[in-house]
Amino acid sequence: MAQARPTHPQHSAPAGEHRRQSDGLPKGITPQDLVQACTRMVGTREMDQRIWALNRQGKVPIIASCQGHEAAQLGSLLAAEKDGDCFLFPYYRDLAIKSAGLTPTQVMYSFMGKEGDPYSNGRQFPLQGADLPRRIIQTSNVVGSSLTHAVGYALACRMLGDKTVVLVYFGDGASSQGEAHEAMNFAGVHRLPVVFICENNRYAISVPQSRQMAVADVASRAAAYGFPGFVVDGMELLPCYEATREAIIHARKSGPVLLEMKVERFMPHTTDDDDRGYRPKEEVDALRQRDPVVTFPAWLVQQGIMSQPQVDEVLAQAQREVDQATEAADAAPFPSASGLLDHLYSP
Amino acid sequence: MAQARPTHPQHSAPAGEHRRQSDGLPKGITPQDLVQACTRMVGTREMDQRIWALNRQGKVPIIASCQGHEAAQLGSLLAAEKDGDCFLFPYYRDLAIKSAGLTPTQVMYSFMGKEGDPYSNGRQFPLQGADLPRRIIQTSNVVGSSLTHAVGYALACRMLGDKTVVLVYFGDGASSQGEAHEAMNFAGVHRLPVVFICENNRYAISVPQSRQMAVADVASRAAAYGFPGFVVDGMELLPCYEATREAIIHARKSGPVLLEMKVERFMPHTTDDDDRGYRPKEEVDALRQRDPVVTFPAWLVQQGIMSQPQVDEVLAQAQREVDQATEAADAAPFPSASGLLDHLYSP
Amino acid sequence: MAVKSVIEAVREAMREEMQRDSRVFVMGEDVGRRGGVFLATQGFLDEFGESRVIDTPLAEAAIIGVALGAAFRGLRPISEIQFSDFVWPAANQLIGEAGRLCYGSHGALKVPLVVRIPYGGGIRGGLFHSQNIEAYFFHTPGLKVIAPSTPYDAKGLLKAAIRDDNPVIFLEHKKTYRLVRGEVPEGDFTVPIGKAEVKRPGRHVSVISYGLMLHYCLEAAQLLAGEGIEVEVVDLRTLKPLDRATVLESVQKTGRLLIVHEDNITGGVGAEVAAVVADEAFGYLDAPITRLCGPDVPTMPYAATLEEAYLPNTAKIAAALRKLAAY
Amino acid sequence: MAVKSVIEAVREAMREEMQRDSRVFVMGEDVGRRGGVFLATQGFLDEFGESRVIDTPLAEAAIIGVALGAAFRGLRPISEIQFSDFVWPAANQLIGEAGRLCYGSHGALKVPLVVRIPYGGGIRGGLFHSQNIEAYFFHTPGLKVIAPSTPYDAKGLLKAAIRDDNPVIFLEHKKTYRLVRGEVPEGDFTVPIGKAEVKRPGRHVSVISYGLMLHYCLEAAQLLAGEGIEVEVVDLRTLKPLDRATVLESVQKTGRLLIVHEDNITGGVGAEVAAVVADEAFGYLDAPITRLCGPDVPTMPYAATLEEAYLPNTAKIAAALRKLAAY
Ligand SMILES: Cc1ncc(C[n+]2csc(CCOP(=O)(O)OP(=O)(O)O)c2C)c(N)n1
Ligand SMILES: Cc1ncc(C[n+]2csc(CCOP(=O)(O)OP(=O)(O)O)c2C)c(N)n1
Ligand SMILES: [Mg+2]
Ligand SMILES: [Mg+2]
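If you read the sequences in order, they're chains B, G, S and F. Just so we're aligned, residue 7 is where the first sequence starts under our numbering, counting upward by one. Just so we're aligned, residue 7 is where the second sequence starts under our numbering, counting upward by one. Just so we're aligned, residue -14 is where the third sequence starts under our numbering, counting upward by one. Just so we're aligned, residue -14 is where the fourth sequence starts under our numbering, counting upward by one.
It is possible that part of the hints are untrue.
Below are the BS3-like pairs computed for lysine-lysine, each with C-alpha atoms no more than 25 Å apart in a straight line [as the list claims (entries may be wrong)]:
no.	chain 1	residue 1	chain 2	residue 2
1	S	Lys184	G	Lys169
2	G	Lys169	G	Lys33
3	F	Lys308	F	Lys238
4	S	Lys238	S	Lys184
5	B	Lys169	F	Lys308
Just so you know, the hints here were simulated from the structure itself, not pulled from any lab data.
I would like the entire structure built from these sequences, with the hints used as guidance.
Here is the structure:
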């Protein structure tokens, strides 16, 4: 009897420097990129908060907030955009990713279920369905389900000779699903160009990580599938950017990578949840110290990439846009009931 | 970004000597135990071969042979029996385990689907259903499905204060199922007394291990669930006995263990399969050098535990028993059609 | 008698059964400290402890499969699937395994499992928080399927389900949880599995339904009473095994049958009810058997207008009943 | 015209479509070197290569989920589920996802997926190699479900399915694979999805069926012809969308309807056929709508006696038809 052999050829970390934000700008990144990321981050937060308020007013049925996940989402998105040939299967919580290419009004349509929602025209939960012009698919709420889709997309790209890399996002909770296992195993066997991104916020609704898995890092599971896994500080944008950039390069060349971004969930699970019973307020309050929507702009100012008045103007602009979007969407019509049976089948 | 941390407290191998068969008898094992194991092994092989012949005569619809797996099955069974408080969820291929407590005639009833089949009274595939007096459950052919059952059984035992350890058997192919992942993860989180035994024969029907997984050892996956995994030479009975014994002790004290027994499948997948198209005859022929039904009796003779005439008599006796069983089962009635609707529900 | 909501009735049934029988336990996502996302197990962790109130990993196949294994050892698990829409990863355990265990072991294996599943729409849940899933389990031999409409039935049937030695799919319509309130006696009572109930007697038309829609049927019957049409409202309560006797008796009396459900029409429970009646009460029928059900699209969309267009409601039911009465 | 078996027709359809369209590929357990356990893809690995003939890990959810992902990218996967009994681990992808994709994306996602599934009993397969699974998919909006009975239909419908932009569940009755032979023209032809076919015209009674049972119905009709009873035999061929027009037309002509399937009776496809007829052809009916189907036990047992007791056959069908004709 022997202890199990370490799996496969051991993979080393993808090449590239591991720098903290304060080390300066990574290769390929311009100050403009960072300003845009900051604008998105601030805008997403404004939108997110406004939707909570609208939910309490009965105007939006639900939101799964991305507050606390913004750096991970926007850092990885930046890498995908810079790469220029990625296809994304985001998680339901990935507001920052899914709204990045939309107008605030389109986002609001989607949350209110109005005509013009670019994802499903009001059939699905907000920002769920497909946004093919932006190369995004999120088909369902069934966690874990999308991982096999991402793998299949990557398989098809390879069969067609594309250079596309597929990024698929999921939560720590979703990692327990059988489909997550089947997907990673399939990707490992076929060495497909997929980056699996786990946004680990340590909770699946109320269930803490310790009741979800007996390991410290989801990333360690990559070894079970013969590919590398890495842990990233998901509260800082640049490490997430860099890790994703390297993972994309690796995936295109050598097959799957699992990135685990350690993030924090600042809000209850959704607007339907009340976390007071299972999560001490102090826990969240303490985590807010690392709020990326505070720390990232502050770092930009400190680095001289933005000035404080510029940051303030970004916020003010975001507020104006969200105001306008709310008004426009509120006034917009719901989809006509006569369309109920449309698109049951593809013609 | 950091390479994923090795999971959890690293488990060391369960205590105990790792000896090869030639090292002598392990603690607790008597020569009688080994004679019994030999008798079972030879008897199982006789039965297995006869059923192939009966299949070709149209008398038995199917068999999934255990030829090549006998040492793994009987070694682990011996450990479970010696322990005295184990419950088993065998695999469909575990003829040696499932028939160990039955008369050859009962086994034959089951293969022919006759009245008196102790597992399902002719409703299911041979030796499938439940044999509760012998603490064995095998509910279905859906591979992977039984792993969660085993975990639940162990959970219940713990809730009831039993000291029972559950052994669940599955194949290398079955390890790809989502349910295998969910079961091992659940067992890991709750540190349940389960020994997962993978009989890795390198094939899932025709699909070789390399197209099933990108790792060398299924056992390495244990790390993904925070418990230890070990590789065992499944072609020799005593290492399988010892590994299982140690795993049972560990499971009762500290939670799950994954044992991977490297075995060889000597026959096609089932009587319905023809392996000539995907597996060179020479491959199997070479493997027969390590046939446990040859090597184990030879070793017993060499050690002076049995004499060659004794071994010959074991074989002759097995043949007589299988002859009688065949005759008896062939003459026995099928279950009455009037029972078709019985036991749909429990009263 | 105390007036309670459906969710209170569900909670009370489980709590009382857990107090009575230490073999009963609950498991599922967020059932512990959170008390379940609909609060069905609120307070249970404190009362019964971690070993009987188990927060599972997010893995539905395990939530059912582990429960089956525990049932083999003689425990009586109640598994919660958080939303019906998420039951599919557990389909192998529910459709492939659970109903086949007793039969496939020739009676050796008992499976005292209850699977509680909040289901149904009308709550802006969209395609993945609204699904009707009853037809799938209705078709599966060896399962029992219950879909109560009132707090009284919910409590009595859930208790009966927990005491039953077979796998029971217990469907709780989410919209009834807080909306529907009714009298529930204190203390122990059960409602027999397999018995439909005439919730309102009538002579002219029968309407058969269950769950949330039953209440709309009652409202429609009330409306039609004002027009001189006496509608008999039958609540199936248990879908499987189907109470054919009660169904047939009602149609034999009225000669006219409307079936209402929220689930998609094609291959729904209503199809079977119609088929049974078209065979066994053929001679009594004065009019075509009519169904008013969800159309064949993948459940109700999120947008208010589309959700409304999908769902049967009191007005639509009343219209169908009028038409049938006038046939 | 060449006479072929069902399995040959299936193989030919796939091979021709893969030759025609490089986007078509097959994936599943043992479809490569082994050519599939029923040899449906025999020779494909050599002809089309590893990248279009993919031996997957033993993981049904992935076999469907990966195919869906590939379909999103414009490929046209054919997934093989080795036996119907093993489809349940993929239920989330088939019931939860596939039928909801086009609708849930408001038409943005096309899903040109074919899932081939050998199903059905009569081959001593017991509880886990015999299952009828059609009712589950029949009830699922957004899917198409096909169950051919002849080699001609198998080839023509499989080609149509591969060219269809929607997820199609293609059910192949295992017992017909080698047993049923028939003429199949060389070269390209399709049979339209959604069209039933009158396989034998008659005036006195209609019998509606599909798959293996259709052949027993034809035999029974032949028997009854000798007794002066002219039975019309309708082969549904496509279960979903159901060809209501052909069904109704037949019943309007004969006034008498027997539905035959091997699947469990309760909530089966036959229930829907009965319900449609009891609504839309009510005025034409001269007799109760009758079903002769598998009883409600978990599929046919392994023992020869029990398997036979479970299954409808020619004699049982003839008896039911006689009774109906005499009503
Ligand atoms: C298969 C499935 N089961 C249950 C749910 C209900 N549910 C929605 S989100 C969630 C928790 C997800 O946790 P995690 O994956 O960690 O993501 P997070 O919400 O923390 O971002 C649950 C249980 C679901 N959506 N899908
Ligand atoms: C879920 C499921 N899918 C497919 C099958 C069909 N099947 C039966 S055995 C088998 C291969 C199993 O391989 P493995 O687990 O390695 O066991 P072995 O036969 O090699 O002992 C397959 C694909 C099945 N039984 N269950
Ligand atoms: Mg989480
Ligand atoms: Mg194997």
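Hints and how they fare:
1. As the CA atoms of S:Lys184 and G:Lys169 are separated by approximately 51 Å, the hinted pair breaks the 25 Å bound.
2. For the given pair, G:Lys169 sits about 21 Å from G:Lys33 by alpha-carbon distance, which is consistent with the 25 Å threshold.
3. Only pairs whose Cα atoms come within 25 Å are accepted, and F:Lys308 paired with F:Lys238 is accepted, the gap being roughly 18 Å.
4. The hinted pair formed by S:Lys238 and S:Lys184 meets the criterion: a straight-line CA distance of about 15 Å does not exceed 25 Å.
5. Of the supplied pair hints, the one linking B:Lys169 and F:Lys308 is violated, its CA atoms being roughly 66 Å apart against a limit of 25 Å.
In the structure shown, a violation is registered for the earlier hints numbered 1, 5, in ascending order.
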